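Engineer: Mapped onto the working numbering, the consecutive letters of the sequence shown carry residue numbers 87 to 404.
Source of the hints: derived by calculation from the structure; they are not laboratory data. All values reported here derive from a predicted model rather than from experimental measurement. Ideal placement from N, C-alpha and C gives every residue a C-beta, glycine not left out. Hints are supplied without guarantee of correctness; some may be wrong.
What the hints assert, rightly or not - Restraint ranges, calculated between C-beta atoms of paired labels, are given here:
{"id": "1", "residue 1": "I380", "residue 2": "K345", "range": "22 to 28 Å"}
{"id": "2", "residue 1": "K270", "residue 2": "E340", "range": "31 to 37 Å"}
{"id": "3", "residue 1": "N151", "residue 2": "D175", "range": "17 to 23 Å"}
{"id": "4", "residue 1": "S385", "residue 2": "P346", "range": "21 to 27 Å"}
{"id": "5", "residue 1": "G282", "residue 2": "S385", "range": "37 to 43 Å"}
Stated by the list, open to error - Quick list of in silico lysine to any residue cross-link-like pairs, SDA-like style, CA-CA up to 25 Å:
{"id": "6", "residue 1": "K327", "residue 2": "I285"}
{"id": "7", "residue 1": "K326", "residue 2": "I238"}
{"id": "8", "residue 1": "K343", "residue 2": "R389"}
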Amino acid sequence: MNKIKTSINIVLMCIMMGCTQSKIDMPPIEKNITERENPILIELNGMLKVFRQKPLTIVVANMENETGTPTLPSIINTTVKKSFNNIGDMVHVVADTNNYTYKGGEIYAIHGAITKFYVSQTINRGYQSDLEINRGKTTSNTSTSLDKESKISHLAITFNPENPRNGLQIPYSSVSNSITIYQKSSANEFGFSILGSGIGYNKTITKAQGIDEAIERLVDVNVVEVIGKLTTTPYWILTKKKPNRHILNGLINEFIKDKPYQKVYKVSYLLTLRGYYTHPTYSIKDNRLKQAIINYKKSHGMRANTTISSRLYRSLLI
């Protein structure tokens, strides 16, 4: 009862004194990475809440086959739609452009294509090793016939975003990434590397699981990159690629115009993403944030103070 009276008194005081609403209603970043199969998808959702603050709609078309290979791994189309759908509440997914009626707001159509797919097989015959390049041949997800062979699969996926209202492609938003999948002769040796990024993988896993997981990671990188380009967010922090200079400059120019609480929120988010802080905040008075800023500056050759500057922001972005 005392708590209720206290709450009523606070409300009455605000009415009498003309209290204004504090600007702390920005949505919190999501941190539970266990909700998604790949942490970068949920981190992208959190990143959109910090830098974008409003959801967008994505229309996902079926992937086209531009490789000349009659049959591709069947997981690709399903994985593309799944990855977009697994980002979170900041991305609304529509599966078919034909069944979607435009109702206003921000919307993009994603048209994708598999632009490269071929397999290199190294067949061991005693002391002799022959290299065979299988282009244009049917390849399934599993590798049951390769118990005595080592296989390298090469796959490239491209996304081309369009404006569904007029069919025009969105400038500077196309994305293309390649992956090399390594399968050794042992049934449980597998690894992959996504070219141009720091994302690689190597562990004991079945070959069928390995190919599926590799394709999922490649699709996830493409999804994060294309959403990042469309929304001008620093996606490269998640994909471990080089910064997009055009987006980077735009983010810094926007930061200069931001209000102080917005600057604090962005910097604290980036410090959290890089492991220097625990959660985003709006207040520079937070002593833990102050210490995080000092620690970061010390480790990056900057004067160790708590000033939130464009230099600090740029350093956190790259």
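Engineer: Determine for every hint whether it applies to the structure shown.
Structural biologist: The hints, checked one at a time:
no.: 1; hint: I380 to K345: 22 to 28 Å; in the structure: 23 Å, holds
no.: 2; hint: K270 to E340: 31 to 37 Å; in the structure: 48 Å, violated
no.: 3; hint: N151 to D175: 17 to 23 Å; in the structure: 32 Å, violated
no.: 4; hint: S385 to P346: 21 to 27 Å; in the structure: 25 Å, holds
no.: 5; hint: G282 to S385: 37 to 43 Å; in the structure: 26 Å, violated
no.: 6; hint: K327 to I285; in the structure: 9 Å, holds
no.: 7; hint: K326 to I238; in the structure: 23 Å, holds
no.: 8; hint: K343 to R389; in the structure: 23 Å, holds
Comparing the model with each numbered hint stated earlier shows that hints 2, 3 and 5 do not hold.
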